[in-house]
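Now for the letters of each chain:
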Amino acid sequence: MSLLTYANPQRFLRFVHYALIPVLVIGALISATGLYAAFAFAPADYQQGETVRIMYIHVPAAWLSMACYGLMALSSIGTLVWRHPLADVSARAMVPIGAAFTIICLITGSLWGRPMWGTWWVWDARLTSVLVLFLIYCGILALWNAFEDPARAGRAAAVMTLVGAINLPIVKFSVDWWNTLHQPASVFRMGGPTIDKSMLWPLFLVAVGMTIFMVGLHLAGMRNEILQRRLRTMRLLAASGGDDA
Amino acid sequence: MLDDPHFGFIFAAFFVAGLIVLALSLSIWFDYRRVTRDLFTLEQIGTRRRSEGDRG
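Just so you know, the sequences run in chain order A and B.
Counting from 1 along the first sequence, just add 49 to a position and that's the residue number in my numbering.
Counting from 1 along the second sequence, just add 9 to a position and that's the residue number in my numbering.
Chain A extracted, bound-state conformation (with noise of 0.2 Å):
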């Protein structure tokens, strides 16, 4: 059984009937158990001390905010140039999604960095790039609702999403390219992690426990979608007296 299988949305409904429940709960446990071993297990920093716990909820909700348009910008791919049924169902339920990881990552660095920097906010390349991220995932979202045919929301999305991928490496490089106040990477880098063991196995475990929250979520979104289509197509044909149709 190929992936290709749920192409078909009646399949796909079926399949989120019984993997929704399961994704979310594995989701949500193995999150719950990164943030214990976060704060029973995983030591205060030297320099930072206990408000680097922060780390262990803005690192994951950066890392899903990526993540989210990524996924995203495959998904449009699928839309402009295969098709594909559910491509454009999968970019529209991803968009709150990303949107929320992304005003979390927002959010969690602002806390993180007044007690740490001494402001809320500066206008560097890392935040800034991440705003615009944000500020993306809320044109996209516009985008889908100004149009009444969710075939052609889809496509004018699409572009805009593949357009906007450009700021996905101005994000994850700006610490390189320009002069930051944020630090530069310190897990996803050349020459391995920085971060110190007992540090980093809490931060993987809660960032694989919200990734698979988060494809929960994406599945109970595009659930949502495939319906309100449904909805939608009813609605049509009982205003055109169709129902024989």
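Calculated from the structure, these hints are not laboratory results.
Note that beta-carbon positions come from the ideal geometry of N, C-alpha and C, so glycine has one too.
All clues given are correct.
Which stretches of chain A does chain B cover? Using the computed rule of at least three CB atoms under 8 Å from a CB of chain B, they are:
1) 99-110
2) 139-149
3) 152-158
4) 161-173
5) 259-271
6) 275-288
The calculated label-pair distances, taken between Cβ atoms and stated as ranges, are:
7) R42/B x W227/A: 43 to 51 Å
8) Q53/B x K221/A: 50 to 58 Å
9) R132/A x F24/B: 38 to 46 Å
10) F24/B x F196/A: 33 to 41 Å
11) Q53/B x Q59/A: 16 to 24 Å
12) P242/A x T50/B: 50 to 58 Å
13) E52/B x W166/A: 53 to 61 Å
Away from chain B, derived, C-beta distances all over 12 Å, residues of chain A:
14) A86
15) A116
16) A205
17) L217
18) F222
19) D225
20) N228
21) Q232
22) F253
Position chain B relative to chain A; hints supplied.
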């Protein structure tokens, strides 16, 4: 950790993150309930999609 001078920042970060994830999850759940209720209402008044009509 409770006596840490920056405890308020740590608490606020986790609280806000939890609140946003909860709000997102609830909005998806309420959206699902609304759309299934509307679909059920339309089906009750006899509206069928073409694909369902073909199947009889």
